[in-house]
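Enquirer: The residues making up each chain are set out below.
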Amino acid sequence: MMIDGNRRWARQLGYDSAAHGHRAGAAKMLEFLEWCDAVGVRVVSLYLLSTDNLRKRDSRELSDLIEIIAELADEISRQPDWRVQHVGRSEGLPPELARVLSEASSRTREHGGLHVNLAVGYGGRGEIVDAVRSIIAQHDAVGGSLEELAASLTPEQIGEHLYTGGQPDPDLVIRTSGEQRLSDFLLWQSAHSEFYFVEALGPDLREVDFLRAIRDFGSRDRRYGS
Amino acid sequence: MDGNGRWANRRGLTRVEGHKAGEAALLDVVAGAIQAGVKHLSVYAFSTENWSRSPDEVRFLMGFNRDVLHRRRDQLNEWGVRVRWAGRKPRLWGSVIKELQFAEELTRANDVLTLTMCVNYGGRVEIADAVRSIADDVAAGRLKPSAVSEKLIQRRLYLPDMPDVDLFVRSSGEQRTSNFLLWESAYAEFVFLDTLWPDFSRVDLWRAIELYLDRDRRFGGAVDTPTV
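Top line first, the protein sequences correspond to chains C and A.
At position 12 of the first sequence the residue is numbered 12 (this note's numbering), and the sequence of numbers has no breaks.
At position 48 of the second sequence the residue is numbered 48 (this note's numbering), and the sequence of numbers has no breaks.
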């Protein structure tokens, strides 16, 4: 889920600060997770903060956003059976946010319900770079030769070393606010995902939009490239 | 270039006839791209996933790609199109590789439009191939593991000097990228059109470009453009 349009929503309502939009968006995300849980979705990934956002957004909006994300992560982790996983780079995140995410993950590690990936400090190309570094390091550590790695590396290995390693690829990517692009979100993982675009701004997302997305997905003819 | 099969089915024609009708669409779109001032156009002619189609269809597609290149290279050359190939060799028919290389050589000096034929291409495998070439250099001591970066991966893709995709168009109504130019499309705007590929013309391309021009591209930053 790529929730987009929080800032536009706030501006349309006449708010000075984007924080109102981000807060409304965060509340909507909690609802969204409940809708997912109710229809039996097993894994949801929320794009909350990209490495691009960290680099490019102005610092006041960013510090508001960081606080809101930390609160959201904490709240999600207090749901009875949901499992939180931080997907992204902790380096480069404000220490407090990194701490909240780490605690949310460890607090919920044994939970068997809805698996919620929180993409914070995330970039798809960066994730692939991190996967490659981890493959090389791991290979080195077990005394494998890099010549061997260079000869045998498969796409599957890269997939396994992503932050989402071990998880299924997303079936459906939903983006709000009418924007139709991936913005480097789950770049590797979404190679065969279905996209569904909702016109509504993030905070205006309705359950009926979600159910329509699911129904539309159900009618898609997935060929996985063949 | 999706929809050849469905187009043929609807008319009671064979898939082969669908692909042939798709060839005309491709040439019209290339002409339209040139008219619109587009400098880089990449088309998905054969994917690594297509190997799992029936042996007959695979055989047809290999021969068809070879024949289209052979048949159309002079026309593309006259138009000032520079033909390039993005893809990998393993399994790809030698005769197709020969045609691709011939077309590349023939049109090498052209600069009106660069047309990248993605043949035996897969986005994930392109990245894996790039990583293998990097691992090779690390193994030989030419690179440190810490040198692995987005820039380095980009430089080891099949065509490192190809710019990132601005506009990603898919015909036939499917809303997915199917592993096409995966790395390169991280920030691309998607335009999904219902038109089946053989029905596609330069007008559909122009329509996609108009939709693209209306988009507000922010690349993760926040731009306060005034909205009407």
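Possibly wrong hints are sitting among the right ones.
Here are the simulated distance ranges between beta carbons [to be verified]:
id, chain 1, residue 1, chain 2, residue 2, range
1, A, GLU210, C, VAL41, 31 to 39 Å
2, C, ARG78, A, GLY12, 39 to 47 Å
3, A, ASP216, C, GLY92, 35 to 43 Å
4, C, GLU156, A, LEU211, 43 to 51 Å
5, A, PRO160, C, THR154, 20 to 28 Å
6, C, GLU148, A, HIS70, 50 to 58 Å
7, A, LEU211, C, VAL41, 26 to 34 Å
8, A, ASP28, C, PRO94, 46 to 54 Å
9, C, GLN12, A, GLU57, 21 to 29 Å
10, C, SER134, A, GLU104, 48 to 56 Å
11, C, GLY178, A, GLY173, 40 to 48 Å
12, C, LEU30, A, SER95, 55 to 63 Å
13, C, GLY92, A, HIS70, 47 to 55 Å
Just so you know, the hints here were simulated from the structure itself, not pulled from any lab data.
Since the model is a prediction, treat every value here as computed from it, not as a measurement.
Beta carbons: idealized from backbone N, C-alpha and C, even for Gly.
Enquirer: All hints are to be evaluated individually against the structure, with a verdict given for each.
Expert: Now for the hints, and whether the structure bears them out:
The beta-carbon spacing between A/GLU210 and C/VAL41, approximately 36 Å, falls within the hinted interval of 31 to 39 Å. In this structure, C/ARG78 and A/GLY12 break the distance hint of 39 to 47 Å, their C-beta atoms being roughly 60 Å apart. Against the hinted window of 35 to 43 Å, the Cβ-Cβ separation of A/ASP216 and C/GLY92 comes to about 26 Å, which falls outside the hint. Taken as a hint, the range 43 to 51 Å is violated for the pair C/GLU156 and A/LEU211, whose Cβ atoms sit roughly 36 Å apart.
The hinted range of 20 to 28 Å is satisfied by A/PRO160 and C/THR154, whose Cβ atoms lie roughly 22 Å apart. Judged by the Cβ atoms, the range 50 to 58 Å given for C/GLU148 and A/HIS70 is violated: they are separated by roughly 40 Å. At roughly 31 Å, the beta-carbon separation of A/LEU211 and C/VAL41 lies within the given 26 to 34 Å, and the hint holds. Separation of A/ASP28 from C/PRO94 is about 53 Å and conforms to the stated range, judged on CB atoms against 46 to 54 Å.
In this structure the supplied range 21 to 29 Å is violated for C/GLN12 paired with A/GLU57, their Cβ-Cβ distance being about 51 Å. The supplied range of 48 to 56 Å is broken by C/SER134 and A/GLU104, whose beta-carbon atoms lie about 36 Å from each other. Range check, C/GLY178 to A/GLY173: Cβ separation about 18 Å, and the 40 to 48 Å hint is violated. In this structure, C/LEU30 and A/SER95 meet the distance hint of 55 to 63 Å, their C-beta atoms being roughly 58 Å apart.
Look at C/GLY92 against A/HIS70: about 51 Å separates their beta carbons, and that is inside 47 to 55 Å.
Violated hints, in rising order: 2, 3, 4, 6, 9, 10, 11; the structure is consistent with all others.
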